[in-house]
Amino acid sequence: MRTASWLMFAILLVMPFISSAQSIFEVDNVPATTSGSSRTDITAATAAAKPTGWVRGDMGVVDKGQLSITQGTVNVRSGPGLSYEILDQVRRGDRFPVIKSQSGWHNISMVVADVDDSKQPSAWLRNDMCVQVGKVAMVILDKVNLRAGPSTSHSIVSTSTIGRTFPVLGEKDGWIQIALISGEKMIERSEPKLVEHAQQDFMIAYNAYTKLVPTKGLNHADTQAALREFRAKYGIYSLLAKGSDEVKKVRSNPAVIDKIVINKANFTSTVYSNGKVVRIYPIAYGANPDGANKQKVGDKRTPQGAFSIVNKAVNPQYKNIPGGAANNPLGTRWMGLSAGWGGSIGMHGTSAPSSIGSKASAGCVRMFTADAEDLFSLVKVGTPVIITSVTGKLN
Amino acid sequence: MKNTAKNNIRTILLTSVACIGLTAGPMLSAQEILPVPAKPRADQAAPAAPATVDPGSLGALALVNEGARLLAAGEIGEAEAILGRAVVENPESPEAMYNFGLALGFNSKFAEAINAQLKAIELKAQFPEAYLALGNMYLALDENEQALNAFEQAHTLAHNEHVRRSALFNKGTVLSKLERFLEAEMALSECLAVDPSDTAPAFALANLHMRQGNYEMALGWLDSVSSDYQLETSFLRCRLQLKLKDREAASKAFGEAGKTLNESKNLSEEHRIELTRALEEMAKELSELK
Chain D
1 MRTASWLMFA
11 ILLVMPFISS
21 AQSIFEVDNV
31 PATTSGSSRT
41 DITAATAAAK
51 PTGWVRGDMG
61 VVDKGQLSIT
71 QGTVNVRSGP
81 GLSYEILDQV
91 RRGDRFPVIK
101 SQSGWHNISM
111 VVADVDDSKQ
121 PSAWLRNDMC
131 VQVGKVAMVI
141 LDKVNLRAGP
151 STSHSIVSTS
161 TIGRTFPVLG
171 EKDGWIQIAL
181 ISGEKMIERS
191 EPKLVEHAQQ
201 DFMIAYNAYT
211 KLVPTKGLNH
221 ADTQAALREF
231 RAKYGIYSLL
241 AKGSDEVKKV
251 RSNPAVIDKI
261 VINKANFTST
271 VYSNGKVVRI
281 YPIAYGANPD
291 GANKQKVGDK
301 RTPQGAFSIV
311 NKAVNPQYKN
321 IPGGAANNPL
331 GTRWMGLSAG
341 WGGSIGMHGT
351 SAPSSIGSKA
361 SAGCVRMFTA
371 DAEDLFSLVK
381 VGTPVIITSV
391 TGKLN
Chain S
1 MKNTAKNNIR
11 TILLTSVACI
21 GLTAGPMLSA
31 QEILPVPAKP
41 RADQAAPAAP
51 ATVDPGSLGA
61 LALVNEGARL
71 LAAGEIGEAE
81 AILGRAVVEN
91 PESPEAMYNF
101 GLALGFNSKF
111 AEAINAQLKA
121 IELKAQFPEA
131 YLALGNMYLA
141 LDENEQALNA
151 FEQAHTLAHN
161 EHVRRSALFN
171 KGTVLSKLER
181 FLEAEMALSE
191 CLAVDPSDTA
201 PAFALANLHM
211 RQGNYEMALG
221 WLDSVSSDYQ
231 LETSFLRCRL
241 QLKLKDREAA
251 SKAFGEAGKT
261 LNESKNLSEE
271 HRIELTRALE
281 EMAKELSELK
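Residue numbers (our numbering), protein chains in the order written: chain D, 1 to 395; chain S, 1 to 290.
Just so you know, the hints here were simulated from the structure itself, not pulled from any lab data.
One thing to keep in mind: the hints can contain errors.
No more than 30 Å apart at the CA atoms, straight line, and that leaves these computed lysine-lysine pairs for DSSO-like [what the hints assert, rightly or not]:
#	chain 1	residue 1	chain 2	residue 2
1	S	LYS259	D	LYS380
2	S	LYS252	D	LYS380
3	D	LYS300	D	LYS319
4	S	LYS243	D	LYS380
5	S	LYS124	S	LYS109
6	D	LYS380	D	LYS248
7	D	LYS276	S	LYS259
8	S	LYS252	D	LYS276
9	S	LYS290	D	LYS380
10	D	LYS380	D	LYS249
11	D	LYS380	S	LYS245
12	S	LYS290	D	LYS248
13	S	LYS243	D	LYS312
14	S	LYS265	D	LYS276
15	D	LYS249	S	LYS252
16	S	LYS245	D	LYS249
17	S	LYS124	D	LYS248
18	D	LYS312	S	LYS252
From just these sequences and the hints, can you work out the full model?
As structure tokens, then:
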């Protein structure tokens, strides 16, 4: 096993395991061990862990000899049954080679793929500032401090914007140690079922959030809590979707994108390929409270209808704000639409990520900047974009 | 080509029947560009629901429902006879007159069908389905301005999403025929905003952009419907790539068009010959492309 994995195991010996950003979905449905073992028992067992273990069959899906964990946190046991001791716990998104299967259990090799991060500089971030899938963490808030150690008393070594991914090296006291390199390459192929689960979770959390915005307002504590929940779920979905076969296929051949459907009713932008949903991004749209179709320039409404992408720009300038500047309201990507209105309607990133999920723009479609960059890489001039406000039909 | 035109009219009429039954979306008029039979939507292929006037009605009004059932079943001769009787027995029933108009249209009696729909509208001013059927009759007779007026009325009066979509789609189609491209695009665009999953207006938009020379946009819309209209999109994609003078992409599209044609089993011999000719023309254009 690679250095990082051993380091993580070592940290598990002394540290609570479960990140607050990632709830346990299912852990065998029974107490941790039949002998009434505690977390200490788990970690003690881990010390003696062999590089193989057993996982219940319904905790993941097997494809081409690889088990992908589909549940939140799952026990790995020393044998194919609940009476066997727990050696370790693995997480949704982790993948392991299957040695053999019997009695509804999979015997897996605990070797996981990691980047060679032993020589990379590292930093720590609070675990409620990110979501973790497998050995990758995605930052879910903007301008998050990355520190030299696991507390706010340590110095800030860097900051991260929302959507960035990092390889996870370990955990301590509610902090996650990360390698200061992109975690993108570590996002392995994700099973469709896994992506679908995450998508459903995301949509549930997102709908809860968008219902609270008009009733309690953006700054209400309930709304903010719902926003954090939705971002955590979205982060998980986003990470998994990025690693899915379909997204990889789309990325290698953007010509296979069918269309983008922007639904004002649930603040989403959905990308279709061959009739299937391959990505869903949360968005913000026109600030006019009625949310209706655009009538005239300056009415702060987003037009509805069928359009096409007519131009694309990296680091677009906005008035006198230079392209790429942190305060540029267009973020780092612009995708203009054939919607008329002076050619000024488009999809773009944002310098105000907290506005995503609300009616906030002058008429454009705002996205998290990382999402706008992702979408930008998938579409071309001519890609159809349908803006609608139908309820209960899409997604 | 005569048969194709007849098929078009039949498709229009079937759509009208479906409209009153509120079960179907608008028809596709791929023939504007290619002599390819439009692939019916799954819901068009299904039997249209009867145009019931009163679910509990018996006696004379039941004739209307029976006529509607026969229309949906394609028994158009018998339907016309039954509905003719229904109209005589229910001279004040707009639904009877409407269904009778549909039956007349099915039997290519367009002038009489128009009169019947006008009478249905006289009996019930707020009758968007009758305006839709009226527009389709005018469209069949190539009286496009009158068809447009009828579709606009249908859109104004539309009381549900199906009628609204049908009116918008047909309005877009006739505006496109009138070469009022911007308005056509707006109507089709609005139609798609009502139902983004509807592939017929997306296909029509591809046609529209192609006619205007917006080839990249046309390709985008074609790609969005290729799984539903494989044969049509494969031919159109090849033509578009030829227009864009992209030899590599045109060659690939040409190969796909030929393959799709070979694999198409339900084409009439006449259509197959026409498409084979179209393929030969495209092969010639491809060979001339440097």
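Each hint, compared with the structure:
Distance restraint check for LYS259(S) and LYS380(D): the Cα-Cα separation of roughly 27 Å lies within the 30 Å cut-off, and the hinted pair is therefore satisfied. With a CA separation close to 19 Å, the supplied pair LYS252(S) and LYS380(D) stays within the 30 Å bound. A hinted pair counts as satisfied when its Cα atoms are at most 30 Å apart, and LYS300(D) with LYS319(D) qualifies at roughly 18 Å. Between LYS243(S) and LYS380(D) the alpha-carbon distance is near 19 Å, which keeps this suggested pair within the 30 Å criterion.
Between the alpha carbons of LYS124(S) and LYS109(S) the distance comes to roughly 22 Å, so the proposed pair stays at or under 30 Å and holds. This hinted pair checks out: LYS380(D) and LYS248(D) have alpha carbons roughly 16 Å apart, not beyond 30 Å. Of the supplied pair hints, the one linking LYS276(D) and LYS259(S) holds, its CA atoms being roughly 24 Å apart against a limit of 30 Å. Proximity of LYS252(S) to LYS276(D) is assessed by CA-CA distance (about 24 Å); at most 30 Å being required, the pair is judged to hold.
Restraint check: the Cα-Cα separation between LYS290(S) and LYS380(D) comes to about 25 Å, which is no more than 30 Å; the hinted pair holds. A distance of roughly 15 Å separates the Cα atoms of LYS380(D) and LYS249(D); the hinted pair therefore holds under the 30 Å criterion. A threshold of 30 Å between alpha carbons decides the hint, and for LYS380(D) with LYS245(S) the separation of about 18 Å falls inside it, so the pair holds. Between LYS290(S) and LYS248(D) the CA atoms are separated by roughly 34 Å; this puts the pair beyond 30 Å, and the hint is violated.
Note on LYS243(S) and LYS312(D): the hinted pairing holds, with a Cα-Cα distance of about 23 Å set against a maximum of 30 Å. Of the supplied pair hints, the one linking LYS265(S) and LYS276(D) holds, its CA atoms being roughly 26 Å apart against a limit of 30 Å. A threshold of 30 Å between alpha carbons decides the hint, and for LYS249(D) with LYS252(S) the separation of about 19 Å falls inside it, so the pair holds. Taking the CA atoms of LYS245(S) and LYS249(D), the gap is about 27 Å. The hint holds against a cut of 30 Å.
Distance hint between LYS124(S) and LYS248(D) is unfulfilled; the C-alpha atoms sit about 56 Å from each other, more than 30 Å. Taking the CA atoms of LYS312(D) and LYS252(S), the gap is near 26 Å; set against the 30 Å cutoff, the hint holds.
Against the hints set out earlier in the document, violations occur for numbers 12, 17.
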